[in-house]
Amino acid sequence: DAGITQSPRHKVTETGTPVTLRCHQTENHRYMYWYRQDPGHGLRLIHYSYGVKDTDKGEVSDGYSVSRSKTEDFLLTLESATSSQTSVYFCAISESGASRTSSYNEQFFGPGTRLTVL
Amino acid sequence: DAKTTQPPSMDCAEGRAANLPCNHSTISGNEYVYWYRQIHSQGPQYIIHGLKNNETNEMASLIITEDRKSSTLILPHATLRDTAVYYCIVRVGAYKYIFGTGTRLKVLA
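Just so you know, the sequences run in chain order A and B. Sequence positions in the first sequence follow this note's numbering and run 1 to 118. Sequence positions in the second sequence follow this note's numbering and run 1 to 109.
Everything labelled a hint here was simulated from the structure, so no lab data went into it. Just so it is clear, CB atoms sit at the ideal spot from N, CA and C, and this is done for glycine as well. Hints are supplied without guarantee of correctness; some may be wrong.
Interface residues of chain B toward chain A, partial, derived using beta-carbon atoms under 8 Å [to be verified]:
| hint | residue |
| --- | --- |
| 1 | C12 |
| 2 | G15 |
| 3 | R16 |
| 4 | A17 |
| 5 | H40 |
| 6 | Q42 |
| 7 | G43 |
| 8 | Y87 |
| 9 | Y95 |
| 10 | Y97 |
| 11 | F99 |
| 12 | T101 |
Residues from chain B that keep clear of chain A, each with C-beta distances beyond 12 Å, as calculated [stated by the list, open to error]:
| hint | residue |
| --- | --- |
| 13 | T4 |
| 14 | Q6 |
| 15 | E14 |
| 16 | T26 |
| 17 | P44 |
| 18 | Q45 |
| 19 | H49 |
| 20 | R68 |
| 21 | I74 |
| 22 | T79 |
| 23 | L80 |
| 24 | R91 |
| 25 | G100 |
| 26 | G102 |
| 27 | A109 |
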């Protein structure tokens, strides 16, 4: 298994509180991603990073911010958590970002963080 | 963005081939099709991917129609451990995966 850990694995918090989820990798992969998974929606990309301090928005980025100060760590922050952000959050990594004409971009996923916002 | 449509659930007898269909009729010419699976609540696991040609690896085969509007993932000899949710995904550009809602495959003893 790819060396990806997520912390915490479970968290319960209250509406309006800030929350930070951490993704840590030991693979030295350049690309890192945050997804959320909700019933009926599959996985949806929140933010991704293509290098240290290089990040961009995914399809459901509102209410989330990210930071990547080191290759191995990618942090997801909910500045003021809302009940709609109750979800399972997955981090993923990939060695190459691939290009439009390049085939390979397998993403390795972490074990997930279950977040409940009351 | 391209969308994928999959049946919500399927059953397959152990030892038989499992054929999982996916519709991606709005896919663009340079967008790849990926398949992942998710067992219980674990992170998704890569299975196979392709662009135009059929592909095979140690886990599965991927058949893509000539017009690229649909594809089928084939698990040649399904086992109980293949029970999972299977996601057909279109990769848009270099980084972005568009996940469908997946097919819950149940392999029956």
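Structure-based check of each hint:
A cut of 8 Å between beta carbons decides the hint on C12 (chain B): the least distance to chain A is about 21 Å, and the hint is violated. A cut of 8 Å between beta carbons decides the hint on G15 (chain B): the least distance to chain A is about 27 Å, and the hint is violated. With a least beta-carbon distance of about 26 Å to chain A, the hint placing R16 (chain B) at the interface is violated under the 8 Å criterion. With a cut of 8 Å, the hint placing A17 (chain B) at the interface with chain A is violated, because the nearest CB-to-CB distance is about 24 Å.
Because the smallest distance between the Cβ of H40 (chain B) and any Cβ of chain A comes to about 10 Å, over 8 Å, the interface hint for this residue is violated. Taking 8 Å as the C-beta cut-off, the interface hint given for Q42 (chain B) holds, the closest approach to chain A being about 7 Å. Checking G43 (chain B) against chain A: minimum C-beta separation of about 3 Å stays under 8 Å; hint holds. The restraint placing Y87 (chain B) at the interface with chain A holds, with a minimum CB-CB distance near 6 Å, inside the 8 Å limit.
Taking 8 Å as the C-beta contact cut-off toward chain A, the hint placing Y95 (chain B) at the interface holds, the least distance being around 5 Å. At its closest, the beta carbon of Y97 (chain B) sits 7 Å from a beta carbon of chain A; the interface hint therefore holds under the 8 Å criterion. At its closest, the beta carbon of F99 (chain B) sits 4 Å from a beta carbon of chain A; the interface hint therefore holds under the 8 Å criterion. A distance limit of 8 Å between C-beta atoms decides the matter here; for T101 (chain B) the minimum to chain A is near 5 Å, and the interface restraint holds.
A beta-carbon of chain A comes within 12 Å of the beta-carbon of T4 (chain B); the shortest separation is about 9 Å. Not every CB of chain A is more than 12 Å from the CB of Q6 (chain B) (nearest about 9 Å), against its label as outside the interface. Every beta carbon of chain A lies more than 12 Å from that of E14 (chain B), the smallest distance being close to 26 Å; the non-interface claim holds. Distance check on T26 (chain B): its Cβ is at least 16 Å (rounded) from any Cβ of chain A, clearing the 12 Å threshold; non-interface status holds.
P44 (chain B), annotated as away from the interface, has a beta carbon of chain A within 12 Å; the closest lies near 5 Å. At the 12 Å boundary, the C-beta of Q45 (chain B) falls inside the reach of chain A, the nearest C-beta of that chain being 7 Å off. Not every beta carbon of chain A lies more than 12 Å from that of H49 (chain B), the smallest distance being close to 7 Å; the non-interface claim is violated. In this structure R68 (chain B) is separated from chain A by more than 12 Å, as the shortest Cβ-Cβ distance comes to about 15 Å.
With a cut of 12 Å on Cβ distances, I74 (chain B) stays outside the contact zone with chain A, its closest approach being about 19 Å. Every CB of chain A lies more than 12 Å from the CB of T79 (chain B), the least distance being 20 Å, so the non-interface label holds. Even its closest Cβ contact with chain A, about 21 Å, leaves L80 (chain B) beyond 12 Å, as expected for a residue assigned away from the interface. Distance to chain A contradicts R91 (chain B) as a non-interface residue, since its nearest Cβ pair spans about 7 Å, not more than 12 Å.
Separation of G100 (chain B) from chain A is inadequate, the least Cβ-Cβ distance of about 6 Å not exceeding the 12 Å criterion. G102 (chain B), annotated as away from the interface, has a beta carbon of chain A within 12 Å; the closest lies near 6 Å. Remark: the non-interface label on A109 (chain B) is consistent with the geometry, its nearest Cβ contact in chain A lying 27 Å away (cut-off 12 Å).
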